[in-house]
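There are 2 protein chains.
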Amino acid sequence: MSERPLKVALLGCGVVGSEVARLMTTTADDLGARIGARVELAGIAVRRLGRARDLPVDPALFTSDAHELVSRPDVDVVVEVIGGIEPARSLILAAMENGASIVTANKALLAEHGAQLHAAAEKHGVDLYYEAAVAGAIPLLRPLRESLVGDKVKRVLGIVNGTTNFILDRMDSTGAGFDEALDEATELGYAEADPTADVEGFDAAAKAAILASLAFHTKVTAADVYREGITQVSASDVASAREMGSVVKLLAICEVDEARESVTARVHPAMLPRTHPLAGVREAYNAVFVESEAAGRLMFYGPGAGGTPTASAVLGDLVAVCRNKVNGGRAPAVSAYADLRVSAMGEARTRYHISLDVDDKAGVLAQVALIFAQQDVSIQTVRQSGRGEDARLVVATHVATDAALSGTVERLRALPTVRAVASVMRVEGE
Amino acid sequence: MSERPLKVALLGCGVVGSEVARLMTTTADDLGARIGARVELAGIAVRRLGRARDLPVDPALFTSDAHELVSRPDVDVVVEVIGGIEPARSLILAAMENGASIVTANKALLAEHGAQLHAAAEKHGVDLYYEAAVAGAIPLLRPLRESLVGDKVKRVLGIVNGTTNFILDRMDSTGAGFDEALDEATELGYAEADPTADVEGFDAAAKAAILASLAFHTKVTAADVYREGITQVSASDVASAREMGSVVKLLAICEVDEARESVTARVHPAMLPRTHPLAGVREAYNAVFVESEAAGRLMFYGPGAGGTPTASAVLGDLVAVCRNKVNGGRAPAVSAYADLRVSAMGEARTRYHISLDVDDKAGVLAQVALIFAQQDVSIQTVRQSGRGEDARLVVATHVATDAALSGTVERLRALPTVRAVASVMRVEGE
Chain G
1 MSERPLKVAL LGCGVVGSEV ARLMTTTADD LGARIGARVE LAGIAVRRLG RARDLPVDPA
61 LFTSDAHELV SRPDVDVVVE VIGGIEPARS LILAAMENGA SIVTANKALL AEHGAQLHAA
121 AEKHGVDLYY EAAVAGAIPL LRPLRESLVG DKVKRVLGIV NGTTNFILDR MDSTGAGFDE
181 ALDEATELGY AEADPTADVE GFDAAAKAAI LASLAFHTKV TAADVYREGI TQVSASDVAS
241 AREMGSVVKL LAICEVDEAR ESVTARVHPA MLPRTHPLAG VREAYNAVFV ESEAAGRLMF
301 YGPGAGGTPT ASAVLGDLVA VCRNKVNGGR APAVSAYADL RVSAMGEART RYHISLDVDD
361 KAGVLAQVAL IFAQQDVSIQ TVRQSGRGED ARLVVATHVA TDAALSGTVE RLRALPTVRA
421 VASVMRVEGE
Chain Y
1 MSERPLKVAL LGCGVVGSEV ARLMTTTADD LGARIGARVE LAGIAVRRLG RARDLPVDPA
61 LFTSDAHELV SRPDVDVVVE VIGGIEPARS LILAAMENGA SIVTANKALL AEHGAQLHAA
121 AEKHGVDLYY EAAVAGAIPL LRPLRESLVG DKVKRVLGIV NGTTNFILDR MDSTGAGFDE
181 ALDEATELGY AEADPTADVE GFDAAAKAAI LASLAFHTKV TAADVYREGI TQVSASDVAS
241 AREMGSVVKL LAICEVDEAR ESVTARVHPA MLPRTHPLAG VREAYNAVFV ESEAAGRLMF
301 YGPGAGGTPT ASAVLGDLVA VCRNKVNGGR APAVSAYADL RVSAMGEART RYHISLDVDD
361 KAGVLAQVAL IFAQQDVSIQ TVRQSGRGED ARLVVATHVA TDAALSGTVE RLRALPTVRA
421 VASVMRVEGE
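Protein sequences, first through last, are from chains G and Y.
What the first sequence shows, in full-length UniProt numbering, is residues 1 to 430, in sequence order.
What the second sequence shows, in full-length UniProt numbering, is residues 1 to 430, in sequence order.
Only chain G is shown next, with the shape it has when bound in the complex (with noise of 0.2 Å):
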């Protein structure tokens, strides 16, 4: 075993840091010989002493000066679980500047400074792994960057939120409506006081882009995601997707064409049919689905939160990093050397499953199917029922771009003989 240990400054101490602090502490005999080198925390860096933190460690370890613990000479790697932009940002491009590689679980940082970050780490010739940023414990950044390097994904299908997973779940077993169930997730702990960044797909969005860019080798940002999270779907639509035999997902959908000269990313509900495997990913857990050329089809599932799993997202990383300190080796750079246009959502080809309140007369359904006609949408199923004021139109697509679809409901919506659209829903998965 290397004489020297190795250092490691961790930034931030709350629900992941302080989990991440304790396996290194219990669990530091087994680090050792798995890294070949005995691994020390330099310095706990919080914003706030004095704080009663019930963690095997020394208390002379903690520090409210972030900057300082990372421009330290001897440190090797700094763990960076604080979250958000700034300072993460600043502090993790010192610590690189001081040579330190660096393990982060910050997807809205990556998901916006990726390609920055990573130039930074080329240049300084450190690590940068983040692995808990994207489907907490599960392995899976690593094999899109490691293992399926030799192939080419076509695709990427993902739950990643685990919270709106989790209220999906429960309106599909319960039959109950969105607020009942996200009431539910917040009284359970599955939701934060202020569920936002969750519910409106922000959280999916910025793991979106962090997907697309490794799987595509091209520079996608969290702007460039399309985004709609779940706060419009109703216990109605998730009745509809019943009858179908479906399930209405929160997806991560990230594409590239088949000339592989552009990609889109895209977070939206869709229905999802029963018998695809992401639709029995339940609760609060995370899937994702990878179709690759020559591998195909595959699935990678497991907790997508919370501080244990996450932190052992963390440490596979940190043993990762502080091997190739000892051995002198170095992450492959990750590049975006392919360099696609990332399309609009407009391109992006779907299916539409909309429900219309119709006026109960003859003529309807010819005048709704001439509209689909005029756009060049093709219709794979219309369902008519209810009388009177209950008359509705159902109607499945076939896939057709988005731009197509959406202008085909705006037109729907102008037709006299249409009350309302009572629903839109992307269909995915078939």
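It is worth saying that the hints were derived from the structure and are not from the lab.
In this text, a Cβ means the ideal position worked out from N, Cα and C, and glycines have one as well.
It cannot be assumed that every hint is accurate.
[Claimed, not checked] Rough simulated footprint, nothing fancy, chain Y against chain G, three-plus residues with beta-carbon under 8 Å: (1) 132-144; (2) 321-331.
[To be verified] Here are the simulated DSSO-like pairs of lysine-lysine, each with C-alpha atoms no more than 30 Å apart in a straight line: (3) Y:K154 <-> Y:K219; (4) G:K154 <-> G:K219; (5) G:K154 <-> Y:K7; (6) Y:K123 <-> Y:K219; (7) G:K123 <-> G:K152; (8) G:K152 <-> G:K219; (9) Y:K123 <-> Y:K7; (10) G:K7 <-> G:K154; (11) Y:K152 <-> Y:K219; (12) Y:K152 <-> G:K7; (13) G:K152 <-> Y:K7; (14) Y:K123 <-> Y:K152; (15) Y:K152 <-> G:K123; (16) G:K7 <-> Y:K123; (17) G:K7 <-> G:K123; (18) Y:K154 <-> G:K7.
Since the structure of chain G is provided, determine the placement of chain Y on it from the hints.
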């Protein structure tokens, strides 16, 4: 990009080897961009020259002298896809002595001589990767070696043989018996002419040895794995499972005991609840379920076999070892540092489902229950059915050691009122 191209020697040009050669040639530009250097085939060793091969490679690359090929001074990486113990082992050792890193798909070799090969790789400062040896295209071994390495794996439960999963899946969906389902598998190309290695569990046992070695940092060879194939699984067993809301799967199970002092590795058919994530693995797909202390329950799913998916795993490893050659890095050493004791099957803790044909008279249940009590095996459920010749007693036990459970079966068999032990199957996943 580095100026000197990396030279790769390919040993074997069968189903997998020809696909590796094809992908290396058709995706050479992408591979070069991802590795940071061009990669070229130095030669392709085959048993018989002169066979017509439909490959976009220079025919001059083919050679029948594999030993000469791996000894060439300019060979950086050797890809071994011949299979079997010899000459693969000797060629790999010679290649490592020559300073070449190794990528292989050879499960039999790794299950038998993994420890020796890793020691040789360590000694010669080269990499040894074998993702394709277990679960085909699914990135599983690298996540175990490099992502979950900061965690403690408790249990690995897998469907790792596509042939037997296809057969059992057919038996479940059509009610067919084993022979009929095997015939169908052979017709469709899911079973080989001689299916012994698959249906007798040898293939799965080799994979279990590899998984247990990596998961528990301990030397586990194929000989250490308890092995039972699916040839004794009847249509009636499958029907019984369905009645219990379960499905019969051939499982590879690797576990460490609570105190982390000993490990078991076993392959045998078992009943699995249909709600278990592994129960939904259909046809020839594979899936491996990993339980870790921090990460929790992870599942990896995908195509377990086939030329193209397996080649994808080989290429993923190839990129990794090539990147190390370019950067001067090395894969982490795989060591059996934990050196845990490998327990015999008798110590494995499991549950049994036992079907007895019994005499239709009073007191039989009491006699049977007494035997269980004397063996210290607790009964979970008992079901009595049928009259006269059809009198049947079905018992599902709680968890006990396999020795206690099999001892119980032997004593039941000896009871005069038990006409026959109709079936015995282990129960897992609850």
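Hint-by-hint comparison with the structure:
1. 132-144: holds (count 5)
2. 321-331: The restraint on the segment 321-331 of chain G holds, since 6 of its residues have a Cβ under 8 Å from chain Y and three suffice.
3. Y:K154 <-> Y:K219: Satisfied, since the Cα-Cα distance of roughly 16 Å is no more than 30 Å.
4. G:K154 <-> G:K219: 16 Å, holds
5. G:K154 <-> Y:K7: 29 Å, holds
6. Y:K123 <-> Y:K219: 18 Å, holds
7. G:K123 <-> G:K152: Status holds; Cα separation ~27 Å.
8. G:K152 <-> G:K219: 16 Å, holds
9. Y:K123 <-> Y:K7: 22 Å, holds
10. G:K7 <-> G:K154: Between K7 of chain G and K154 of chain G the Cα gap is close to 40 Å, so the pair fails against 30 Å, i.e. violated.
11. Y:K152 <-> Y:K219: It holds: about 16 Å lies between the C-alpha atoms, which stays within 30 Å.
12. Y:K152 <-> G:K7: 22 Å, holds
13. G:K152 <-> Y:K7: Judged against 30 Å, a Cα distance of about 22 Å means the pair holds.
14. Y:K123 <-> Y:K152: Given pair K123 of chain Y, K152 of chain Y holds - Cα atoms ~27 Å apart, limit 30 Å.
15. Y:K152 <-> G:K123: Violated, at roughly 34 Å.
16. G:K7 <-> Y:K123: Holds - the C-alpha atoms of K123 of chain Y and K7 of chain G are around 28 Å apart, at most 30 Å.
17. G:K7 <-> G:K123: Since the Cα atoms of K7 of chain G and K123 of chain G sit roughly 22 Å apart, the hinted pair holds (cutoff 30 Å).
18. Y:K154 <-> G:K7: Status holds; Cα separation ~29 Å.
This entry does not satisfy hints 10, 15, going by the numbered hints stated previously.
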